[in-house]
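K.L.:
Residues per chain are reported as follows:
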Amino acid sequence: MDYIVAGCIEAFGLLAGGDGETYSAIATTLKASTLSMVASLIIGIPLGFLLGYYSFPGKRQVRTVVDTLLAMPTVVVGLLVYAFISRRGPLGEFGLLFTIPGIALAQTILVVPIVVSLTATAIEGLDRRLRMTLMALGAERIQIAMTSIVEARFAVLIAAVTAYGRAVSEVGISMMVGGNIKWHTRTITTAIALETGKGEFAMGIALGIVLLLLAFLANSLLTILKRQS
Amino acid sequence: MIYHISGLKFRYGDTFLLDIEELAIQRGSSLGLVGPNGCGKSTLLRILAFFMEPDEGVICFDGERVDGTGSAGKRDVTILLQESYLLKRTVFENVAYGLKVRGEKRNVTGLVHGALTMVGLPPGRFAGRSWFELSGGEAQRVALAARLVLNPRVLILDEPTASVDQESAGLIKDAIARARRDHGTSLVIASHDLPWLHEVTDDINRIHEGRMVGHETGTVISGPWIRHSDGLWKKTLTGGETISAVTPPGPDASAILNPSDIMLSTDRPEGISAQNILQGTITQMTVENDSGKVLVTVDVVGISLVARVTGKAARDLHLLPGISIWVLFKASSLTWY
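Chains as they are written, first to last, in the numbering used here: chain A, 260 to 488; chain B, 403 to 739.
Pulled out of the complex, with its shape left as it was, chain B reads as follows (with noise of 0.2 Å):
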């Protein structure tokens, strides 16, 4: 186990910006964090980077506990910010410099190159540029090349596909899987692009207003919620259209639907016992990483459910981004938190 994490509390002012029981990451593999902006997402990335310390709690690094930011793992976790920042100097000496503050003389023009190219950017075109002369895209290989040359032993990613284009994404996630296979390195990844998260992660972790809320990448449905005299509690969507629940633990509490509890159907059911039967359009269709399942993100007005389905399910309904689809799930599938 690469990181070990109980009863972390990160505190801002009064208000609990962290609270996580615990969290267990594999050495070697890839984890997904996703939540909502300001959900605790970069808060715990930069502790899991030992640049910020948690107000309680334990962090055990590779088996020993770590104490303060001045970890003796410290450089064997590098993370790549949302916003690369690249130095006022060349794209070879911005690939290098990590190597130079370690001491590191030997072969340091092979391993740059190696990097280089291990993200998409040629050396023989790039090492040479300038900071300034490359696009958004090109500056965050750079930085990511600049992290891949210290062969980390976790490499903590923040937002990397935010601000980059379709090609960039596809060259940073075959970098990412590169250095997993070839140094087992371990990734921790936070993202809103669930489709590409879901092609480079093994397991994604929810967080919800500081908590993790579990494995699944299920929509999380926040109140309120007004019971009705059949004995459920309705939410009411934008477009006029209600979900159904039971037994939330208050008007205004929040819920994860587990996209294995969503079925999909082509015409609209009848005769079903589902309490939710809502029609909306495919949005989205990525195959999952571990399960090669199908995740199916329907856009019913005012949500996005995901709807995870085998390749045969998506295969026999002509599943296809742009249709229109019903979406159907029990009043009991909801899993409160």
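With the rest of the complex left out, here is chain A (with noise of 0.2 Å):
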């Protein structure tokens, strides 16, 4: 028990120390997952409109597979992402293996079908009148499409929060693609396996403090959120 206690007090000193390795671990969290979550939103937000504004044949067979890719284990994108950016693999040449704009990009994989669910099932969940509203007041069909993801917002905001939650505390694709490299793409998650491994408890308690934090924060916002819409 005392081990535990002392990793504790160990791990305040190395925050408020400003411990070099400790941060670069939080940076290249932040920095990896802030880089999917945009990603993911750009590319997420107008297939979750046109699967939850359209009607077409297949329709339902889509949001199967979507449903379904939500639970898409981290490791299996993990494998996927390296067999195509690793120096065999199709993506070879972009030389992303082991960068953090790889992590993103595989995270951003893990992340799309997780806005584009909850953006579908915004835009599913909006008014029948929205759209005969925006037709009388003379809204052509862009207009359309926007103001129904800003009249969506809150759900959509929902959507990021719960992907940039599930993009900073995975850990199956920063080891496999990002190497798990000191200082370079060691994240949060990957520096709390490999120091609790190596039985340095105190940074595995720092940084899972402050995951703790994020995953706090972003629950919060969740909340506020999910009360204004």
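Hints were generated in silico from the structure; no laboratory data involved.
Mixed in with the good hints, there may be bad ones.
Estimated spans, in silico, between C-beta atoms of each pair [to be verified]:
id, chain 1, residue 1, chain 2, residue 2, range
1, B, Ser-537, A, Lys-318, 33 to 41 Å
2, B, Thr-511, A, Leu-476, 46 to 54 Å
3, B, Gly-642, A, Phe-413, 54 to 62 Å
4, A, Phe-413, B, Ser-537, 19 to 27 Å
5, B, Glu-569, A, Lys-318, 39 to 47 Å
6, A, Gln-320, B, Thr-511, 31 to 39 Å
7, B, Ala-564, A, Leu-329, 55 to 63 Å
8, A, Arg-347, B, Lys-507, 35 to 43 Å
9, A, Leu-329, B, Val-460, 23 to 31 Å
The beta carbon of each residue, even a glycine, is placed where N, CA and C say it ideally should be.
From the two separate chains plus the hints, produce the assembled complex.
P.N.:
This is the structure we're talking about:
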């Protein structure tokens, strides 16, 4: 028990003292997850809108596939992306393996289904009178689409926060695609896994606190948004 | 003429929802539509607003034939739906939305404030409110202001007073009357609120099972009709009284009873030729907008009959809602359709 208490005390020391290795992992995590969230929103919101707004043959099947992808294991995504961006892979020439953009790419694949699914659900849940009202006021198709997304803004933000939470807390992708390289691609989660394995609880606990703090912030935001929507 | 419709048909599956041979709406006029739920009023209004295309027929808007829902006249026409919807924004942003999508940037604040004033919502108190800070009547008036601010050539209203209080209904009436007077806006209004409709329209068309069945506000009397030994056909009302008619086209036929064909009497009349003499209670009295005559709604058990009388007759008979009255009409007064 003593080593846990000592680990906690040391963890606060690392955070308060601005330990470079600890803050490097935090910075890598924030960079990768922010990149992946932005990319997933750019891709996922339009796709989610199309899926939620329009009726087309096979829509239910597409929806089932998207919903299935929500539970995609991170190691499977890691494996697929690794295969594609490794030197022998079709995207090997871009040199993405063991880089932050590489991690962000794989995390984007992981969280796009979340943004698509939650956006589609939000658009489907919009009041049926909205479209008629916008048409009555003279809105063109693109204006109707944009206004519909703005009307579902709280739900779309919930999708973004949920996606961020998933990206920031995953470990399989960061480990496989990032390679857990110190000062370079080591993220909070891979650092915790590594340091705990080495018996270095202090950094693991310090990073765990930061991760919990991020999760807390994300969930607080989620709660506020849900209340507003 | 703002609209001219001919041979319009709209189907839902194999069933005709609308089958209108001809309908002409004059520029600057105010046309009312009445009819039971499901008769096709809302479908017709959506077609007039270019939301839906008919399966057959020709629609001319302002002299030009309209093809499809993306017609040039689309932005000249706006519709206020039965249950209005407000965007999750402030009142100001809701009213300004139509101007914004048209790229209008000049004097937006002035126009929005003017429209809010028109519907009886002082801009100082209401412009900054959020959509959820409004009562049902206020929300409906904000939705109306969002249409009026566009200065539409045609304003279509689908049951605008269905879920509002009397004060809001009055303010809606004043606002649309002003739009018509100041900007020549043509009005097409569907409503079950007959007294209100009479005050805002010049002419009322009745729709029954998708067809225009007359310009009157007359009562529709549906079958079954049973032939009696005296040669007349009779329909029995829920109270046991009967309505007599001559030669219906079939036992389930429907007929319209023109309000001008009904006479009223405070005492039971004797020695007259009219076959239908029914006792009822006056439930409503309205001054007709275009004729100045009085429409008197009489509730006979099981049916409401509307009679049109002159103001002098109404005064001489001391007609008032709540009093008992005798209703008389000939068996031959019923017009079959």
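K.L.:
Please name the hints from earlier in the document that this structure breaks, with their numbers sorted from lowest to highest.
P.N.:
2, 6, 7, 8, 9
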